[in-house]
Amino acid sequence: MNLKEIASIIGADFIGEDIEITGMNTLKDANKSEVSFVSNSKYVKEIQNSNAAAIIVDSSTKDFVPEGSVALVVNFPYWEMAALSKYFAPPLENDELPHAVIGEGTKISPKAEIANGAVIGKNCTVMAHTYVGSKAVIGDNTVLYPNVTVYRDCRIGNECVIHAGSVVGSDGFGFATNKLGEHKKIYQNGNVLIEDNVEIGSCTTVDRAVFGSTLIKKGVRIDNLVQIGHNCEIGEYSVLVAQSGVAGSTKLGRNVVMGGQAAAAGHLEIAPFSTFAARSGITKSIQQSGLTFSGFPLMEHRIWLKLQAKLAKLIK
Amino acid sequence: MNLKEIASIIGADFIGEDIEITGMNTLKDANKSEVSFVSNSKYVKEIQNSNAAAIIVDSSTKDFVPEGSVALVVNFPYWEMAALSKYFAPPLENDELPHAVIGEGTKISPKAEIANGAVIGKNCTVMAHTYVGSKAVIGDNTVLYPNVTVYRDCRIGNECVIHAGSVVGSDGFGFATNKLGEHKKIYQNGNVLIEDNVEIGSCTTVDRAVFGSTLIKKGVRIDNLVQIGHNCEIGEYSVLVAQSGVAGSTKLGRNVVMGGQAAAAGHLEIAPFSTFAARSGITKSIQQSGLTFSGFPLMEHRIWLKLQAKLAKLIK
Amino acid sequence: MNLKEIASIIGADFIGEDIEITGMNTLKDANKSEVSFVSNSKYVKEIQNSNAAAIIVDSSTKDFVPEGSVALVVNFPYWEMAALSKYFAPPLENDELPHAVIGEGTKISPKAEIANGAVIGKNCTVMAHTYVGSKAVIGDNTVLYPNVTVYRDCRIGNECVIHAGSVVGSDGFGFATNKLGEHKKIYQNGNVLIEDNVEIGSCTTVDRAVFGSTLIKKGVRIDNLVQIGHNCEIGEYSVLVAQSGVAGSTKLGRNVVMGGQAAAAGHLEIAPFSTFAARSGITKSIQQSGLTFSGFPLMEHRIWLKLQAKLAKLIK
Numbered sequence: 001m002n003l004k005e006i007a008s009i010i011g012a013d014f015i016g017e018d019i020e021i022t023g024m025n026t027l028k029d030a031n032k033s034e035v036s037f038v039s040n041s042k043y044v045k046e047i048q049n050s051n052a053a054a055i056i057v058d059s060s061t062k063d064f065v066p067e068g069s070v071a072l073v074v075n076f077p078y079w080e081m082a083a084l085s086k087y088f089a090p091p092l093e094n095d096e097l098p099h100a101v102i103g104e105g106t107k108i109s110p111k112a113e114i115a116n117g118a119v120i121g122k123n124c125t126v127m128a129h130t131y132v133g134s135k136a137v138i139g140d141n142t143v144l145y146p147n148v149t150v151y152r153d154c155r156i157g158n159e160c161v162i163h164a165g166s167v168v169g170s171d172g173f174g175f176a177t178n179k180l181g182e183h184k185k186i187y188q189n190g191n192v193l194i195e196d197n198v199e200i201g202s203c204t205t206v207d208r209a210v211f212g213s214t215l216i217k218k219g220v221r222i223d224n225l226v227q228i229g230h231n232c233e234i235g236e237y238s239v240l241v242a243q244s245g246v247a248g249s250t251k252l253g254r255n256v257v258m259g260g261q262a263a264a265a266g267h268l269e270i271a272p273f274s275t276f277a278a279r280s281g282i283t284k285s286i287q288q289s290g291l292t293f294s295g296f297p298l299m300e301h302r303i304w305l306k307l308q309a310k311l312a313k314l315i316k
Numbered sequence: 001m002n003l004k005e006i007a008s009i010i011g012a013d014f015i016g017e018d019i020e021i022t023g024m025n026t027l028k029d030a031n032k033s034e035v036s037f038v039s040n041s042k043y044v045k046e047i048q049n050s051n052a053a054a055i056i057v058d059s060s061t062k063d064f065v066p067e068g069s070v071a072l073v074v075n076f077p078y079w080e081m082a083a084l085s086k087y088f089a090p091p092l093e094n095d096e097l098p099h100a101v102i103g104e105g106t107k108i109s110p111k112a113e114i115a116n117g118a119v120i121g122k123n124c125t126v127m128a129h130t131y132v133g134s135k136a137v138i139g140d141n142t143v144l145y146p147n148v149t150v151y152r153d154c155r156i157g158n159e160c161v162i163h164a165g166s167v168v169g170s171d172g173f174g175f176a177t178n179k180l181g182e183h184k185k186i187y188q189n190g191n192v193l194i195e196d197n198v199e200i201g202s203c204t205t206v207d208r209a210v211f212g213s214t215l216i217k218k219g220v221r222i223d224n225l226v227q228i229g230h231n232c233e234i235g236e237y238s239v240l241v242a243q244s245g246v247a248g249s250t251k252l253g254r255n256v257v258m259g260g261q262a263a264a265a266g267h268l269e270i271a272p273f274s275t276f277a278a279r280s281g282i283t284k285s286i287q288q289s290g291l292t293f294s295g296f297p298l299m300e301h302r303i304w305l306k307l308q309a310k311l312a313k314l315i316k
Numbered sequence: 001m002n003l004k005e006i007a008s009i010i011g012a013d014f015i016g017e018d019i020e021i022t023g024m025n026t027l028k029d030a031n032k033s034e035v036s037f038v039s040n041s042k043y044v045k046e047i048q049n050s051n052a053a054a055i056i057v058d059s060s061t062k063d064f065v066p067e068g069s070v071a072l073v074v075n076f077p078y079w080e081m082a083a084l085s086k087y088f089a090p091p092l093e094n095d096e097l098p099h100a101v102i103g104e105g106t107k108i109s110p111k112a113e114i115a116n117g118a119v120i121g122k123n124c125t126v127m128a129h130t131y132v133g134s135k136a137v138i139g140d141n142t143v144l145y146p147n148v149t150v151y152r153d154c155r156i157g158n159e160c161v162i163h164a165g166s167v168v169g170s171d172g173f174g175f176a177t178n179k180l181g182e183h184k185k186i187y188q189n190g191n192v193l194i195e196d197n198v199e200i201g202s203c204t205t206v207d208r209a210v211f212g213s214t215l216i217k218k219g220v221r222i223d224n225l226v227q228i229g230h231n232c233e234i235g236e237y238s239v240l241v242a243q244s245g246v247a248g249s250t251k252l253g254r255n256v257v258m259g260g261q262a263a264a265a266g267h268l269e270i271a272p273f274s275t276f277a278a279r280s281g282i283t284k285s286i287q288q289s290g291l292t293f294s295g296f297p298l299m300e301h302r303i304w305l306k307l308q309a310k311l312a313k314l315i316k
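So the protein sequences, as listed, match chains V, P and D.
Residue numbers for the first sequence follow this note's numbering, beginning at 1 and rising by one.
Residue numbers for the second sequence follow this note's numbering, beginning at 1 and rising by one.
Residue numbers for the third sequence follow this note's numbering, beginning at 1 and rising by one.
It cannot be assumed that every hint is accurate.
Unchecked claim - One-sided and incomplete, this derived list gives chain V residues near chain P with beta-carbon spacing under 10 Å: (1) E113; (2) G133; (3) E182; (4) H183.
In short, the hints are calculated from the structure, not lab data.
Backbone N, C-alpha and C fix where the C-beta goes; we use that ideal spot for every residue, glycine too.
Throw the hints in and build the complete structure from the sequences for me.
Structure (structure tokens):
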């Protein structure tokens with residue numbers, strides 16, 4: 001799509017040299033053929049440092065757009081970004097892509113569905129009613145149990161196991177909301193990358209990134225009914241126990257342990273080797289590694305024990 | 001089924017003119033060809049105002065059955081209602097129904113299953129391993145990702161998206177329990193109605209109503225692994241974040257936001273524009289609209305902050 | 001596999017008469033043709049009383065191995081047990097087994113998949129996209145809704161209902177971790193046994209046992225999105241409300257009720273007729289039956305009410 005079309009879709013004036021735009025991205029990650037956006041004047045620094053070809057802005061932020069980048073001025077940049085995201089969404093499936101490539105020794109159930117453009121490595125097992133989407137890539141020796149869904153463009157490494165009913169690459173929970181309270185979908189045009197030797201339990205959901213990738217690093221163990229939001233990064237060998245959840249864009253360091261039903265809010269950074277007891281509620285980033293936490297609000301486990309003792313006294 | 005058969009199934013005496021009964025319903029909603037029940041003498045008003053053809057009662061409530069309605073007297077009305085519900089359950093599938101009707105431009109995977117009697121609108125996409133049940137109706141431009149299950153008789157509007165692994169119309173969690181602690185299933189003979197422009201994430205479950213409909217109104221956004229109980233009503237543009245849950249018969253007003261892992265008990269009414277922080281536990285109805293709540297027990301967010309400050313002091 | 005091979009796999013010295021080993025098991029349950037292991041010197045009693053043919057031990061526990069049992073001495077028994085477990089894992093499917101046996105009156109969707117070696121009783125319904133694994137056994141009059149997965153070797157009784165998207169028999173969350181923080185899978189070579197008249201909601205997960213069986217006893221009612229860990233035992237007529245979870249090896253007595261989002265830690269024993277309010281967090285065994293609990297940390301409900309009153313006072 002070219003910049004003129006984009007300006008027209010979002011209702012921005014555009015005067016200048018038209019160029020081809022290949023995608024959308026964050027201010028930080030956008031390259032010279034991508035369009036970005038800013039919804040909030042607190043991101044002034046990111047605007048000034050952005051390499052984006054064009055930035056969707058409002059009147060309060062337009063003056064920070066750097067030279068070499070086009071300011072596309074609208075009233076509601078976040079809403080218009082959502083509107084535009086639809087145009088960069090690829091088709092759900094594409095029959096014109098070549099048939100899937102299946103590695104030697106791999107066993108695919110006749111009742112599985114492998115979309116065109118997918119690539120599956122050697123010695124894998126793909127069981128009945130499992131779906132591998134367009135251009136998805138699966139490594140060697142990986143097992144997909146029945147009723148698994150791998151959305152288009154997602155990548156799963158070698159020696160992985162995905163249990164029944166799990167979903168890799170469903171859309172992140174992204175939408176803009178206007179003053180009437182109506183929502184507009186932000187198409188999630190990123191993907192999920194799962195590295196080698198990851199095991200995922202049953203009925204667990206890993207959302208695709210809005211831009212870029214949701215990342216599950218090597219050796220991670222995820223239990224059943226766990227939620228991983230869009231653009232999360234789960235560090236090597238981390239362990240997520242059943243019914244825990246990680247909200248969008250949160251990054252766990254390596255060997256983080258989240259107990260059952262624990263949850264982390266979005267946009268946090270959690271130091272390596274942090275341990276969270278069952279049902280911990282993490283709302284702030286953790287800088288120091290190796291500590292154990294409990295409770296909601298979260299506190300160090302030893303303090304939580306102290307609090308419980310105080311509360312026990314309170315009811316006597 | 002006629003009233004004589006019903007009396008015989010539940011072991012009630014019946015003298016009088018036999019009539020055809022078309023279904024079961026609540027005291028409030030039952031019409032003159034439906035049978036209702038009452039399990040508790042606190043519903044005296046509802047009995048007296050009911051239009052039901054017949055009401056299953058015990059000796060403590062039988063005298064409140066209005067003229068024009070037949071009292072079917074049993075020892076355990078709730079248990080007998082459960083026993084009876086089975087007789088009103090339609091078959092899971094019905095091969096004698098006509099083949100499904102599929103709208104123009106709609107793409108159905110050869111590995112999807114559309115039961116007889118279903119109707120699917122125009123320009124929809126139904127992906128592999130998805131099931132659309134008997135007499136289910138899907139609007140136009142709706143996407144059902146892989147491994148979705150839509151149970152019989154459920155209705156989904158236009159411009160909806162249902163992500164992989166989600167279930168629309170599974171049975172509500174209903175059963176009667178006797179003094180021995182044994183349970184008897186209450187067949188869930190209602191359905192789910194999803195209006196236009198609703199998006200539902202992956203591995204989310206929306207239960208069908210016991211009578212009537214579970215209702216998801218237009219523009220609602222539901223994330224992954226969310227539970228919606230039978231007979232709930234989710235107001236327009238409401239937002240339910242991952243792993244939240246709404247128990248049976250609770251009604252959310254429009255633009256209610258439930259944070260991750262938040263939950264509402266059953267039979268509540270929640271005012272429009274209420275916001276619940278992650279992991280809120282809602283056990284009472286909310287009358288005033290536009291407020292923000294936290295915690296379990298639930299309190300206004302500003303009070304919750306105060307409480308946390310007090311607790312923090314307690315451990316110093 | 002014989003004992004010499006096992007010693008070689010785990011790197012233990014073995015001198016003595018070689019014997020055939022048929023499986024792995026706990027110290028308590030292992031028979032004279034099974035190998036067991038001990039990871040911790042607090043299990044001295046269990047070692048001394050074990051009937052296992054051989055026990056994987058380290059230097060601190062080797063002297064407790066009883067006569068008649070072979071001590072296989074390694075540095076990290078738990079890690080080596082994990083390594084060994086792989087060799088006892090049967091193939092995911094086995095084409096050489098006879099075709100599934102299907103009882104009279106049973107209706108199997110052409111889009112379901114029943115693996116070789118499975119046995120399905122009379123008058124069952126197995127709907128589209130459901131998978132029944134190798135050597136799984138299903139009783140009479142049982143309904144498997146669409147997109148259900150029953151893993152190999154699991155057994156489901158008569159008159160059961162499993163709703164869409166649920167998973168019976170996925171691997172328990174078991175692995176050993178070394179000093180580098182790397183994990184090694186413990187193959188879950190047990191199964192799931194579901195007795196008669198059990199109903200399971202949608203997108204619920206029941207993990208198979210590591211050894212032996214995860215057991216769901218007759219008449220149990222499980223709602224949607226519930227997690228049952230490996231080797232749990234759920235007593236007769238127990239009721240597990242949506243999004244609740246039971247961690248591995250916990251045993252619930254009969255008629256235990258767990259409210260929505262309630263959870264129990266692993267290795268507990270819960271007395272019959274215990275009731276847990278929504279979101280209770282159970283971390284200790286309950287000896288006395290018939291009580292009602294709330295909160296996390298858990299307390300008797302009447303005490304929890306008192307605590308909430310005190311906390312309410314605190315914020316005034």
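Given hint V:G133 near chain P, where the shortest CB pair must fall under 10 Å: holds (8 Å)
**Request:** Would you check whether V:E113 satisfies its interface hint, that is, whether its CB is within less than 10 Å of any CB in chain P?
**Result:** holds (4 Å)
Hint check, V:H183 versus chain P [nearest Cβ-Cβ separation less than 10 Å]: Check passed: Cβ of V:H183 comes within 6 Å of chain P, closer than 10 Å.
| Does the nearest C-beta of chain P fall within a distance shorter than 10 Å of the C-beta of V:E182? | holds (6 Å)
Checked against the numbered hints above, the structure violates none of them.
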